[in-house]
Amino acid sequence: MIEIDRVTKIFTGRGAPFKALDDVSVTIRENEFFTLLGPSGCGKTTLLRVIAGFEAPTKGQVTLEGKDLVALPPHKRPVNTVFQSYALFPHMTVAQNIGFGLEMQDRPKAEVKKTVDEMLDLVRMTEMADRKTSEISGGQQQRVALARALAPRPRVLLLDEPLSALDFKLRKDMQIELKRLQSETGITFIFVTHDQEEALTMSDRIAVMNAGEIRQIGGPRDIYDHPAERFVADFIGDTNFLTVDLEAVEGEGATVRFASGEALQVRAPESGATTGKVTLAIRPEHASLTAPEGAVLRGVLENIVYFGTDTHYHITLDAGDRFVLREQNQPDQTQARSIGDAVGVHVPVSVGQVLRD
Amino acid sequence: MSEAVSFQKRAARRRWFLLTPALVVLLLAASGPLLIVVIYSFLTPGDYGGVVWEFSPNAWFSVVLERDFFTEQLGFADAHLSILWRSVKLSLMTAALTFALGFPTAYFIATRPAHKRDFWMLLIMIPFWTNLLIRTFAIMELIRAEGTVNSFLLWTGVINEPIQMLFTEFAILLGMSYVYLPLMVLPIYASMERFDFSLVEAGYDLYGSRWRVLRRVIFPLVKPGVIAGSILVFVPSLGAYVAPRVLGGGKQLMLGNLIELQFGAGRNWPVGAALSLTLLLIVTVALMFYVRAAGNEEGPGHG
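If you read the protein sequences in the order shown, they are chains Z and L. Residue 173 in the UniProt record's numbering sits at position 173 of the first sequence, and the numbers go up by one each step. Residue 20 in the UniProt record's numbering sits at position 20 of the second sequence, and the numbers go up by one each step.
It cannot be assumed that every hint is accurate.
Claimed, not checked - Which residues of chain Z face chain L? A few of them, derived with a C-beta cut under 10 Å, are: (1) Thr81; (2) Gly101; (3) Pro284.
Just so you know, these hints were derived from the structure itself, not from any lab. Where is the CB? At the ideal position from N, CA and C, for every residue including glycine.
Please construct the entire structure, taking both the sequences and the accompanying hints into account.
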């Protein structure tokens, strides 16, 4: 278990001091695939480097199973990193790279060789063992970097956007591969990415970061379906934001009234919900097109965009807001709507999410 | 077909034509003088310098051998051999000392922020713009009996009488190291600047201590720079003239001084030529060994 307790990191260099981490607290569980997600410059890599030991926190504590990490230099932390650029040693072979950490730990030669062979097998690189790292492809380098970091059996593996340099197809394969390695080795993974899809498909839990702060922590489904605030809703997936009147809050539920005068059951934010003007988030695929009569939202169809798997409907609501709606396509479906039609939007009960302001 | 052939021929001829300046320079500036030196080394010395066009292997004999003045018995030329040995020894020590000083210096500069590195490099380069003699005399001023260092030590009471530093091998070593330090720093810095410092982080991350990361990751990757620097320092040190002359005080001769002596006061050009070629030979052999040894050090192997 890794506990990050009120960690602040301020960089002072030329120019104004920069607060890369602002009072960040998070507990990462044993054997968890934990993702730090956020736009570039949000502090996710800095947090990773603080855990690895390359940066000392300005304030706060980092503990691993109750033991203080901050006091330890990087080479004494049972934590390994897969670097964004892989940082493979160019003067060593694939096998030498993988064995490096074990050698530095002064493990016996026979054990090093055995572990290296296991690791080569684990990442399916046995044939490449004696190649130089410059002689293998990007995807293979990625796997060597993984094997090198896993070989010493760290308690925690840190991954700094390790898939960003790979092409789309390879990235998909590696996502599955990473998940497999994590469950096979039982090591806690802390994964840094700016790719929301990557985060959603691989993580047990996600921390969404912005401007040095963690904005929301939760499972992928939680984060996607119930974003806590506008930044999270906007950063992950597409969202329609509507200004509505919050009339009542009962536990997790809330009643809001649209400009159209219709009321709807939605989800309340976890805390701090007050009646009055609030922002409601509705995912495009959670709503559907319907007849204008009796619908909670009504408007005019502005544009229809065909995407293969689904079709996007751009609607201008009567109140003036724009609303995008996504419907799954069926085989040989004929388009029943046309641009300019008056349409209604159906939003199921408890799907909309009221955001914390 | 024939047209294509003649075109190729013409192209080849034009290439040779364009190479002419380089060939002329190579012939006149490199091979030519060297050939003259080789020929001179096999001739008889003239009475007032120069050579007499008469074949004689004597010059080559006297590089390492000498005939006893009285008994006419052949023996090793102790004076020449000791000078030869001193040259090689001091040059190796100079290369070692400049490496010991230059490597940390280059590392320091390469790890500064990019915009500050030029400033530090400038500091390394500035002494290089000053005349060699001036710099050597500056060292002399520092270490002579009434010089800065001795005066300071006497004043603080660390010593009671001045330390004899000038006119020793130490003085020559100090002078050459000072003069040739930039030649070591520059190539090491050049290879360190290209060095990816995330590899150092990877080394630390994989349980490498600072020393082991330096030895296993940084050093092997900047080794080409270290080799280049060592060669750049070793070669001119071997033939150094000014430092041993000024700081060795004519007592601690090196090859450069010996050669000068043969062409000057000794009036024995063939011996001078033979000694020059000996120097060339030592450098060539040393470089061959060094480059081969350095290249094999980090051989392939498993785990």
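Against the structure, the hints come out as follows:
Contact between Thr81/Z and chain L, as hinted, is supported at the beta carbon level, the nearest pair being about 5 Å apart and thus within 10 Å. Because the beta carbon of Gly101/Z sits about 4 Å from the nearest beta carbon in chain L, less than 10 Å, this interface hint is met. Taking 10 Å as the C-beta cut-off, the interface hint given for Pro284/Z is violated, the closest approach to chain L being about 40 Å.
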